[in-house]
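**Student:** Position chain B against the provided structure of chain A, taking the given hints into account.
Protein chains: 2
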Amino acid sequence: MIKILNYNELSYDEIFARFEPTSSVEDVVSDIIKTVRANGDKALFDYTARFDKAQLTALQVTKEEIEEAGSIVEPKFIDILERAAKNIRKFHEAQKRQSLIINDEDGIVTGQKIIPVDRAGLYVPGGTAAYPSTVLMDAIPAKIAGVKEVVMVTPPSADGKVNPAILAAASVAGIDKIFKVGGAQAIAALAYGTESVPKVDKIVGPGNAFVAEAKKQVFGTVSIDMIAGPSEILVVADEKSNPRYVAADLLSQAEHDKNASAVLVTDSMALAQAVSEELEKQIPLLDRAEIARASIDNNGKIIVADNLNVVVDIANEIAPEHLELCVDNPFDWLDKIRHAGSIFMGRNCPEALGDYFAGPNHTLPTSGTAKFSSPLSVDDFVKKTQYTYYTADALKRVAEDVAFFARKEGLTGHAKSAVIRTRPEDEA
Amino acid sequence: MIKILNYNELSYDEIFARFEPTSSVEDVVSDIIKTVRANGDKALFDYTARFDKAQLTALQVTKEEIEEAGSIVEPKFIDILERAAKNIRKFHEAQKRQSLIINDEDGIVTGQKIIPVDRAGLYVPGGTAAYPSTVLMDAIPAKIAGVKEVVMVTPPSADGKVNPAILAAASVAGIDKIFKVGGAQAIAALAYGTESVPKVDKIVGPGNAFVAEAKKQVFGTVSIDMIAGPSEILVVADEKSNPRYVAADLLSQAEHDKNASAVLVTDSMALAQAVSEELEKQIPLLDRAEIARASIDNNGKIIVADNLNVVVDIANEIAPEHLELCVDNPFDWLDKIRHAGSIFMGRNCPEALGDYFAGPNHTLPTSGTAKFSSPLSVDDFVKKTQYTYYTADALKRVAEDVAFFARKEGLTGHAKSAVIRTRPEDEA
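First to last, the sequence lines map onto chains A and B.
Sequence positions in the first sequence follow our numbering and run 6 to 433.
Sequence positions in the second sequence follow our numbering and run 6 to 433.
Next up, chain A with everything else stripped away, as it sits in the complex (with noise of 0.2 Å):
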């Protein structure tokens, strides 16, 4: 059963201590990367054999596979996915960047140069985390951003295949190249490169604490997107929202994850018990309605204030990855929402329409890094590079000025190659 709990008796921890993960992995992953970096290809195909029991005889995915997964996966489906990925392209698209020249002093020019990785790397999780969804989130933001080669990486089930349905979103999504390797041996493949598995820039997507923490190991060496934490929904709801849905978005997120969070903030009491019942009402009609219960009674709250206002305050605090906004009129209420990855307003605008659909990405910060982190988009696939022209005269104007500031700091050498070009050779 969820918990009911009044705003104005709560410590700040009640309210806001969030899951705090803890990685005994470090050694592990430490291990798994030093081997992949040594023996390359060989390590993994021993790793796959070992973590995902499948006998390889070759990583990459062959044409002839994706080719029979299109033919296996129902063309509704197909169909649902190249819908999707038209409206994720849309949205994604409108985030592309100008470069930018300022030019406005005689002699002057100053600008910024957006500029694509080279290669960008997807981790797809296997099992039942596999995602397709994801694939298309992950990787159409890379391809817009103009990244030439975008790689995708994920385990694969022991007859030595991958999942017909994330193959067939790889291909809606434009993916290069597809490798059958996962777990921390998969990133270290990307980090590094092996004779197969082509080193790249950047490395994307979600996956089970290995995952993450070679992530974190190789960041540095490659730019990753984020070390996701569980998944989290936040509602924000007025006395005449409507219970079943509610219910029904909190559910969206239990599902996920034992470990994921639901949330709902109102002003209204008679909701918060309304959804309390609800909740009970549909949890054990969901497929996962195990995790759903586990998540809803270890980490669900209802959270009651006095007024719209303070619901709204409490949202920012929490900063959580999604919001929704069931009032009438969100649109009064955007404004005042500073923190969290992606909000969804109105009565009508389930999570899941953002999960799939609607165009926004779904890959988003969790664990209130909505606070300084943003969703995944064409700027995780970019990198700015700026540039700066000065004619002599120009430099001329100037450079005594960058000279003093040179030796104020103790530079003499910065000084120097100031003045050098515009004093006479023996002052300079």
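By construction, these hints were calculated from the structure, which means they are not laboratory data.
Fair warning: this is a prediction, and the values are worked out from it, not measured in the lab.
Among the hints, erroneous ones may be present.
[Claimed, not checked] Selected chain B positions facing chain A (in silico; Cβ < 7 Å):
#1 82
#2 105
#3 347
#4 351
#5 358
We treat Cβ as the ideally placed atom computed from N, Cα and C, and that holds for glycine.
**Tutor:** This is chain B only, laid out in the frame that chain A set:
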């Protein structure tokens, strides 16, 4: 003496291998962080007494101290700081992004908002590495991003005072609060907050091995800019280049640090030899001759390649922090440069111009991370949030597809949250 090397005779590692820092301070740093989390200000006073030999009674720099610094620093320097700040502001203003909205389908609105982080922390080293230019470069983008509170931390000298040039730069940059604390303890204070030092969302700024390790350890709790390696310059120069200028520019990085690397890549053996001779003439004239000597002798390189196209390929593979293009028509080459932190174009653009004055940022990706990282910018101090709005009719058009996709992933709770609003109650 710098090494002159023929590109065609070199192995990959001889060209591209870089300084690899080894950290042996993890345990010390994690102890410091734990102690600051447990003891707050008391720990900061203790560590400052121990490491900086300063007995403080208050951590925050007072208004009086800032005013005193303003009266110590010569007016000419304040004037230069202000003109530099003007250029830095102009460049970074151009980086500001608009929020976006997409509303081209009936009843559907999606969008992305750009929101500044609530609070940013800026680390400024003390001693000889106390650079007022870095105060401007790190604080101005935060203020332009709209960060409400920008907090600076910097270690005091043994008399409990902060370098007046640093305080003057902090005033020009508009920093809101300054605290006398350095090292890993300062990073811990910014990441977790103490009685005096507010917890921030983003920490930026350079520092020694302890600071770098502390930033690494608090990464995730807060956002950090980057773990910077030693300074680097790569000069691309043709045969027409003036060897005096090229040598001076190489030394402007070499003087930073014994581990700094200064590399010339050219198609002219004559230039290579002339620059080598010039380096020998200019090194002894530097205040920091000993450092520059070590950097040039140990890490300096002149690589001679067959032609400028090969030269540019080498530059891209090295992906240097600073890249100079000492050629006649640098804009002809700009598009070929894919990986560099900051590019200095033409014969009149010493890198020092960018360190202090031109406007582009001087906090740049090192160690080849320009392949996937960017110069510090306004983007570092904002995050994005997405939003999605569907009317009841718009939801109805897609709810069954969303549910189909969700069930394909085994997530019946997701499916239900989509259809509960559109199907009759007994079928949802």
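**Student:** Against the structure shown, which of the earlier numbered hints fail to hold, in ascending order?
**Tutor:** Checked against the structure, no hint fails, so every one of them is satisfied.
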